[in-house]
Amino acid sequence: MAIKQSEYDVTKIKSDFPLLDRVQDGNKIVFLDSAASSQRPYSVLEAMDDYYKTTHANVHRGVYAIAEEATRRYEEGRLAAGRLINAPDPAREIILTKNVTEAYNLVAYTWGRANLHDGAVIVLTESEHHANIVPWLMLKQERDITIRYIPIGDDFRLDLSNLDEMVKGAKFVSVTGASNVLGTITDLEPIVKAAHRAGALVMADGAQLVPHRPVDVQALDLDLFGYTGHKLLGPTGIGVLWARAAILEEMPPFLGGGEMINDVRLDGFTTNELPWKFEAGTPPIAESVGLGAAIRYLEEIGLEKIAAHEAELTNYALDSLCEHFPEIEIFGPGARTERRGGVISFRFGDIHPHDVSQVLDQHGVCVRAGHHCAKPLMRRLGVNATTRVSLYLYNDEHDVDVLIEALTAVKKMFA
Amino acid sequence: MAIKQSEYDVTKIKSDFPLLDRVQDGNKIVFLDSAASSQRPYSVLEAMDDYYKTTHANVHRGVYAIAEEATRRYEEGRLAAGRLINAPDPAREIILTKNVTEAYNLVAYTWGRANLHDGAVIVLTESEHHANIVPWLMLKQERDITIRYIPIGDDFRLDLSNLDEMVKGAKFVSVTGASNVLGTITDLEPIVKAAHRAGALVMADGAQLVPHRPVDVQALDLDLFGYTGHKLLGPTGIGVLWARAAILEEMPPFLGGGEMINDVRLDGFTTNELPWKFEAGTPPIAESVGLGAAIRYLEEIGLEKIAAHEAELTNYALDSLCEHFPEIEIFGPGARTERRGGVISFRFGDIHPHDVSQVLDQHGVCVRAGHHCAKPLMRRLGVNATTRVSLYLYNDEHDVDVLIEALTAVKKMFA
Amino acid sequence: MAGLEDLYREIILDHYRSPRNRGELATPPAVRIEGFNPLCGDEIVLYLEVTDGVVSDVKISGQGCSISQSSASMMSAAIKGKDVGEVRALIRSFKAMMSIPESGHEHDDGPVEEIGPIDPETFGELAALQGVVKFPVRIKCATLSWNTLVQALDEAAAN
Amino acid sequence: MAGLEDLYREIILDHYRSPRNRGELATPPAVRIEGFNPLCGDEIVLYLEVTDGVVSDVKISGQGCSISQSSASMMSAAIKGKDVGEVRALIRSFKAMMSIPESGHEHDDGPVEEIGPIDPETFGELAALQGVVKFPVRIKCATLSWNTLVQALDEAAAN
Ligand SMILES: Cc1ncc(COP(=O)(O)O)c(C=O)c1O
Ligand SMILES: Cc1ncc(COP(=O)(O)O)c(C=O)c1O
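Those protein sequence lines, which keep their order, are chains A, B, C and D.
The opening residue of the first sequence carries number 3 in our numbering; numbering runs sequentially from there.
The opening residue of the second sequence carries number 3 in our numbering; numbering runs sequentially from there.
The opening residue of the third sequence carries number 62 in our numbering; numbering runs sequentially from there.
The opening residue of the fourth sequence carries number 62 in our numbering; numbering runs sequentially from there.
The hints are simulated quantities; they were obtained by calculation from the structure and are not laboratory data.
Be a bit skeptical, because a hint or two may be false.
Below, a list of computed lysine-lysine pairs in the PhoX-like style, where the Cα atoms sit at most 20 Å apart [as the list claims (entries may be wrong)]:
| id | chain 1 | residue 1 | chain 2 | residue 2 |
| --- | --- | --- | --- | --- |
| 1 | B | Lys-55 | A | Lys-55 |
| 2 | A | Lys-16 | B | Lys-55 |
| 3 | A | Lys-30 | B | Lys-55 |
| 4 | B | Lys-195 | B | Lys-173 |
| 5 | B | Lys-16 | B | Lys-307 |
| 6 | B | Lys-307 | A | Lys-14 |
Label-pair ranges, simulated between beta-carbon atoms [claimed, not checked]:
| id | chain 1 | residue 1 | chain 2 | residue 2 | range |
| --- | --- | --- | --- | --- | --- |
| 7 | A | His-119 | C | Phe-97 | 52 to 62 Å |
| 8 | B | Glu-275 | A | Gly-155 | 44 to 54 Å |
| 9 | C | Gln-191 | A | Gly-28 | 54 to 64 Å |
| 10 | B | Arg-74 | C | Glu-216 | 42 to 52 Å |
| 11 | A | Asp-23 | B | Gln-220 | 23 to 33 Å |
| 12 | D | Phe-97 | A | Asp-161 | 36 to 46 Å |
| 13 | D | Ala-87 | A | Gly-171 | 55 to 65 Å |
| 14 | C | Arg-153 | B | Asp-223 | 26 to 36 Å |
| 15 | B | Pro-192 | D | Ala-219 | 54 to 64 Å |
| 16 | B | Ser-163 | C | Phe-97 | 52 to 62 Å |
| 17 | B | Ser-163 | D | Phe-97 | 32 to 42 Å |
| 18 | A | Thr-13 | D | Phe-97 | 38 to 48 Å |
| 19 | B | Glu-325 | D | Ser-117 | 23 to 33 Å |
Idealized CB from N, CA, C, for every residue including glycine.
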């Protein structure tokens with residue numbers, strides 16, 4: 003069952019990632035935890051290194067060549083971050099944060115506190131990551147707001163049958179673009195339409211979407227959107243918030259300090275223009291350079307091709323798992339279904355995910371075991387934890403084959 | 003006037019920093035803008051590279067070797083950050099943020115909103131960086147609090163003559179440990195004593211202090227303290243907040259999301275233990291590794307020695323500047339004074355700082371021109387901007403000599 | 062890297078496969094305490110009956126990984142019939158074996174009290190859990206039941 | 062890297078050393094507008110008198126770097142006596158020369174309308190400021206007085 007895809011050379015791609023060359027106790031690493039955090043190609047590390055070695059200085063105010071060059075490189079990362087999702091005005095609408103969690107907190111603290119007063123209704127889903135729940139629960143501790151959750155059905159997908167009812171009277175709807183547990187990809191179109199009909203803004207969480215397929219925030223007609231650098235071959239320490247300029251203009255500032263101000267007096271201050279209004283203090287400069295390089299790497303391969311590769315590999319993995327292990331219970335859509343990404347969560351008989359993961363590690367296979375920062379979803383699934391395999395552009399059939407072998411060993415050990 | 007300091011080999015130190023080897027238009031870079039952001043030694047870049055190449059995975063939850071090793075390296079950065087300032091319980095009391103600006107916002111949003119109600123008084127100083135003013139001005143927009151500012155005297159130092167009066171009735175006192183404009187180092191002891199007598203907590207801004215001399219938060223009897231990675235040979239994207247555990251325990255959380263929670267339900271959440279309670283989302287992992295390496299580099303040379311070197315070099319620079327340019331007006335204490343760091347701000351006749359800096363750049367000399375994120379202080383000094391030279395461990399007399407030559411050219415150009 | 066055989070000793074797998082003292086007790090006379098590992102969602106419910114200063118009965122229910130289950134099972138076997146003072150001493154020794162200083166902060170890297178070689182007399186089968194220390198993420202699994210026991214003893218004493 | 066001679070043309074230094082139209086005007090009939098560059102604190106105060114659709118007088122005070130001062134000085138010389146339509150056209154051309162698209166967002170890296178070679182007829186001495194484009198941080202210095210002029214024209218029109 004060979005995967006054939008013209009021009010997609012997974013062996014070459016794999017060799018671009020130094021960590022995937024690591025040998026642990028005689029086993030080559032098989033990295034199947036990219037949904038938690040991906041690995042980085044040489045080009046990303048080199049871009050950051052080059053930045054630090056030749057061009058580092060603080061940005062935006064220096065009147066000397068190195069500082070101007072540092073500013074240019076920092077702002078280039080922003081433009082790349084916007085280009086990747088087809089943001090209409092990246093130079094003003096892309097806010098660089100420390101991770102996407104900060105981005106959602108920024109929205110909850112500023113847009114949320116300015117617009118959601120007692121009695122307001124917002125809509126989330128049962129399959130959100132904590133990053134898109136807790137900021138709203140914190141707001142709910144302060145104010146009498148109602149949070150409605152779009153439920154998931156038995157097919158693990160959002161149940162959109164009651165959509166108009168769900169969003170009725172809501173001011174804000176925020177849904178994950180792709181689940182980090184179920185592998186489902188959200189059908190955003192009907193949600194955006196219903197929300198806009200109801201007069202609500204719509205934010206989507208792109209953390210698990212942007213790394214894996216082309217995303218166009220304009221075509222999706224979204225209002226706000228976030229994603230995170232380290233899951234898309236970029237460095238840690240950087241996240242991306244996009245929102246329509248009109249929304250950002252209206253929002254009060256979030257963090258206060260240098261760079262986000264226009265003027266400061268002892269008794270007050272005025273804010274800077276977009277996007278710097280939301281970027282207080284020294285920003286993640288080298289991280290923006292790294293993010294830009296990561297995006298270029300993805301663009302060069304092509305996100306369409308990456309998505310196609312992942313789809314084939316996901317089918318191979320789902321088939322292999324079900325074929326070898328009848329006791330496996332997969333929490334998510336099956337092989338060859340639409341809107342399905344490369345995240346595969348499962349129960350392995352009654353062997354606890356911690357034990358599964360620990361034994362897999364002995365074979366060099368890295369997978370995640372736990373609640374995946376989605377405790378409400380875990381409760382809905384009726385489990386405390388799952389084992390999660392996640393596939394990315396550098397994984398191949400051989401990785402899946404090693405996983406199957408290693409799972410066989412797990413079974414033997416705990417039989 | 004040779005600087006002699008046994009065992010301090012500035013040539014060797016300089017060679018550890020790749021950027022200082024850069025040649026621009028035939029001139030070797032003379033980097034005199036470390037107060038804005040320092041450069042990084044190879045060892046820091048190598049530590050981050052090695053982390054990414056061999057050990058990267060998301061931290062704290064992975065049950066596999068790479069993830070455990072990543073967690074260990076991340077937490078090691080935290081311990082180093084605490085060790086550097088002699089924090090009593092670094093494993094719990096050090097919060098890693100994206101920069102120190104975030105740290106002060108964290109304090110203002112959480113401790114501030116929980117403790118400063120209408121009528122409350124806080125005390126800052128006229129020489130604060132915007133990072134320690136704007137978060138409090140933002141709070142003042144919401145609540146009727148009073149901010150008092152300790153003035154600076156004609157000697158550019160905080161006027162502490164009226165201290166007990168200043169802090170009377172205050173709940174919180176926050177002062178810079180070292181000015182990023184004046185080069186003054188704050189005499190924290192009387193401030194801490196007076197504040198504690200008045201029942202106020204004391205925070206100090208260590209952004210310009212920690213990189214340059216030994217700091218001991220216990221000996222200083224501080225309650226909260228912050229500093230930032232990129233000014234101390236570390237990467238961008240990381241800052242440090244220290245506070246006594248008892249204070250942190252009482253503080254509500256700041257950003258919500260993964261990692262900072264203990265449990266999440268659809269209708270509420272509970273928070274994690276310290277320090278993770280304040281670290282939402284994927285933290286700056288590689289940045290913590292880099293910070294740890296930067297701290298080790300500083301410790302190996304020794305902060306006492308760095309301080310001594312900088313003191314001698316500052317004297318040399320102040321003497322040279324005054325000797326060559328009678329028209330120079332330095333905003334800060336003169337040579338051979340106590341509590342004086344290597345930041346030298348000045349007016350150069352009536353040549354605008356932008357023009358000074360631009361022409362210096364032509365000679366490879368990097369200095370900062372502007373308000374240095376301290377607009378209230380600029381108003382106090384009666385200027386819109388200053389030219390600022392800042393010295394660090396890798397600078398030497400030759401750098402100062404090149405500066406003098408280049409300033410001579412500036413003078414000629416705008417005569 | 063530590064080998065898996067350090068973690069999954071045969072005796073651990075045996076307790077996992079056939080847990081001792083599984084079940085529930087009537088409350089009162091027993092106290093019932095729930096323990097929870099937020100990282101992996103493991104849950105344990107501990108029923109403890111103390112009569113005249115002696116652990117007269119103990120039962121465990123809940124779910125978790127092999128390490129948390131076997132640790133709970135071994136613990137139940139080790140404490141049953143012991144007097145409360147002995148049990149508290151055992152808890153201290155067990156935590157020391159897990160490199161957790163008395164203050165209880167499991168991530169402290171500060172100096173840990175030197176503990177002598179594990180004494181099989183006191184520790185019996187529990188010594189098999191020593192290997193967990195090499196797998197820091199799993200320490201919380203191994204200590205879950207013990208932390209729950211501390212709470213149960215406190216509550217029993219308060220009654 | 063761009064050389065300093067691109068930035069500090071002799072004519073720029075000349076305007077910096079001997080600024081034209083320095084001073085104040087009575088308001089009314091003139092309008093008075095303050096401009097401010099938050100990055101470096103440069104300030105300009107522009108006095109503009111428009112009579113019958115013509116810039117009948119202009120004066121400038123304030124302080125700033127050589128680029129902002131000389132740009133203001135050259136601007137004042139260029140607009141004095143011109144009619145408002147011509148002045149607005151000149152502003153557009155100047156901003157185009159500074160690579161600032163009409164929308165006014167100076168950091169946009171989007172495509173910029175191609176502008177032909179600078180026409181010395183229209184631009185006169187102002188063409189000397191072309192070199193500023195190579196020093197992005199200084200663009201705000203060069204455009205400060207022009208942005209202030211836009212406001213002054215709007216206000217004069219409103220009166
Ligand atoms: C005294 C002082 N405090 C705070 C800061 C803010 O540091 P950061 O931009 O890294 O948050 C700076 C540096 O700009 C500073 O000099
Ligand atoms: C769906 C989803 N949203 C948000 C996040 C948060 O990302 P970060 O930790 O980088 O803020 C994650 C990753 O953990 C995720 O999977």
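- Message: Is 23 to 33 Å respected by the C-beta to C-beta distance linking Asp-23 of chain A and Gln-220 of chain B?
- Response: 45 Å Cβ-Cβ, so the 23 to 33 Å window is violated.
- Is the hinted range of 52 to 62 Å satisfied by the C-beta distance from Ser-163 of chain B to Phe-97 of chain C? Because 56 Å falls inside the window, the suggested range holds.
- Task: Confirm or reject the claim that Arg-153 of chain C and Asp-223 of chain B have a C-beta distance inside 26 to 36 Å.
- Result: 34 Å, holds
- Would you mind confirming whether the straight-line C-alpha gap from Lys-16 of chain B to Lys-307 of chain B stays at or under 20 Å? Given pair Lys-16 of chain B, Lys-307 of chain B holds - Cα atoms ~15 Å apart, limit 20 Å.
- Is 36 to 46 Å a correct range for the gap between the Cβ atoms of Phe-97 of chain D and Asp-161 of chain A? Once the Cβ atoms are compared, 55 Å apart, the range 36 to 46 Å for Asp-161 of chain A and Phe-97 of chain D is violated.
- Confirm or reject the claim that Ser-163 of chain B and Phe-97 of chain D have a C-beta distance inside 32 to 42 Å. Holds - the Cβ-Cβ distance for Ser-163 of chain B and Phe-97 of chain D, about 35 Å, lies within 32 to 42 Å.
- Confirm or reject the claim that Gln-191 of chain C and Gly-28 of chain A have a C-beta distance inside 54 to 64 Å. The hint (54 to 64 Å, Cβ to Cβ) is violated, given that Gln-191 of chain C and Gly-28 of chain A are roughly 25 Å apart.
- Task: For the range 52 to 62 Å, tell me whether the beta carbons of His-119 of chain A and Phe-97 of chain C fit it or not.
- Result: 35 Å, violated
- Are the Cα positions of Lys-16 of chain A and Lys-55 of chain B separated by 20 Å at most? Given pair Lys-16 of chain A, Lys-55 of chain B holds - Cα atoms ~13 Å apart, limit 20 Å.
- Message: Given the hint of 54 to 64 Å, is the C-beta distance from Pro-192 of chain B to Ala-219 of chain D inside that range or not?
- Response: Holds - the Cβ-Cβ distance for Pro-192 of chain B and Ala-219 of chain D, about 56 Å, lies within 54 to 64 Å.
- Query: Are the Cα positions of Lys-55 of chain B and Lys-55 of chain A separated by 20 Å at most?
  - Reply: 18 Å, holds
- Does 38 to 48 Å hold as the CB distance between Thr-13 of chain A and Phe-97 of chain D, or does it fail? Between Thr-13 of chain A and Phe-97 of chain D, where Cβ atoms are some 58 Å apart, the hint is violated.
In summary, the structure is inconsistent with hints 6, 7, 8, 9, 10, 11, 12, 18 and 19 from the numbered list given earlier, while agreeing with the others.
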